[in-house]
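Just so you know, the sequences run in chain order A and B.
Under the numbering used here, the first residue of the first sequence carries the number 6, and numbering increases by one thereafter.
Under the numbering used here, the first residue of the second sequence carries the number 6, and numbering increases by one thereafter.
Hints are supplied without guarantee of correctness; some may be wrong.
Claimed, not checked - Below, computed lysine-lysine pairings styled on PhoX-like, alpha-carbon distance capped at 20 Å:
id : chain 1 : residue 1 : chain 2 : residue 2
1  : A       : Lys23     : B       : Lys30
2  : B       : Lys16     : B       : Lys30
3  : A       : Lys59     : B       : Lys44
4  : A       : Lys30     : A       : Lys16
No wet-lab data here; the hints were simulated from the structure.
2 protein chains.
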Amino acid sequence: MAEYSSILLEKAVDELAKLPGIGRKTALRLALHLLGEEKTTTEMLTQALSNMRKNIVLCRHCYNISDSDICSICSNPKRDNGLLCVVADMRDVMAIERTSSFNGVYHVLGGVIDPINGVSPNDLKIKELVERSIREEFREIILALPATIEGDTTNYYIFKMLKHFKGDITVIAKGISVGDALEFADEVTLGRSITNRVPFN
Amino acid sequence: MAEYSSILLEKAVDELAKLPGIGRKTALRLALHLLGEEKTTTEMLTQALSNMRKNIVLCRHCYNISDSDICSICSNPKRDNGLLCVVADMRDVMAIERTSSFNGVYHVLGGVIDPINGVSPNDLKIKELVERSIREEFREIILALPATIEGDTTNYYIFKMLKHFKGDITVIAKGISVGDALEFADEVTLGRSITNRVPFN
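Okay, chain A solo, but in the shape it has when bound:
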């Protein structure tokens, strides 16, 4: 006999439990929840997931996820096309958009250089970034990669690849978080905060 006396339920639990952070107990709870709801609830969920996975593409321009060939940021005439922000992941685009403090356009690399996990520069959209830096007219390219060794390596690699670029190349500031007490900040971050101090005005 199957674990749950229903092979259909068992299969649904198996698939749900493959999702990150969802164990078999949670998966069972979700499946039983769907069984207790109207059939349309499950239909709407599966439709939305199928549609998303089938129809979402990468923007041909910036490689952010998009519903169409060119994403809503690249096609927005109000965005500043002279200011480019390079990020590792589409999650980072969302995070920066939520701050409302950036009005330029993006370039999503799809990761950072990470030899230990087999990610080489060729696996990332770095070639495409170099091409954009030649083809388009950017005033400034902001590197907004993770503050990790891999992020720093990628920053350095990109910096070398953009030798021809005449505009500014900047990186986002590292320092203590807003609202943080100094005593709880780690030494490296606090050190960077002091080194990269800015004029008080």
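Got chain A; can you put chain B on it based on the hints?
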């Protein structure tokens, strides 16, 4: 602009966030995980959920969830058809099956009497239980409902409805958990444990 620059993603997050215990942040993480995996991963998940919701039915006999008209427990010739266990929910069937200490058949009420939340005896499979108790030949009917006021009320109601029943009507034992220290058991449970003491043999 949509919250996530993709309406397809937004819809998927909306639907995932309707699941119990899944907030919008977790929903986004799950959706992005699916986007990062092969398309077949999403297909297998949505197929399994659709199949489950469309094809799972209630067993015509005991009202447990089932892949077919009669569930795998009711149709199993090795189960003891003279011993019936009445439970509130299909989850309880799973819990009892996991103990491997019951070899009879079940009757799933679909809940307990709960006037505050609008659950009356007519909303439960109590009439069907009474019919089974007349039609089938049970030696014993075990009431295994939750140890709550609602569970006790339902026990009492069923007991009255089964007046004609000639066999034994029993309830599962309440007492301290196996492995529990007496000092940490609540008073009511410990009190029941003493009242319902059994011969040491």
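Worksheet item: Would the pair A/Lys23 and B/Lys30 pass a check requiring their Cα atoms to be no farther apart than 20 Å?
Response: holds, 18 Å
Worksheet item: Does A/Lys59 pair with B/Lys44 here, judged by a C-alpha cut-off of 20 Å?
Response: holds, 7 Å
Worksheet item: Going straight from one Cα to the other, do A/Lys30 and A/Lys16 come out at no more than 20 Å?
Response: holds, 14 Å
Worksheet item: Would the pair B/Lys16 and B/Lys30 pass a check requiring their Cα atoms to be no farther apart than 20 Å?
Response: Distance of about 14 Å is within 20 Å: holds.
In summary, this structure violates none of the numbered hints.
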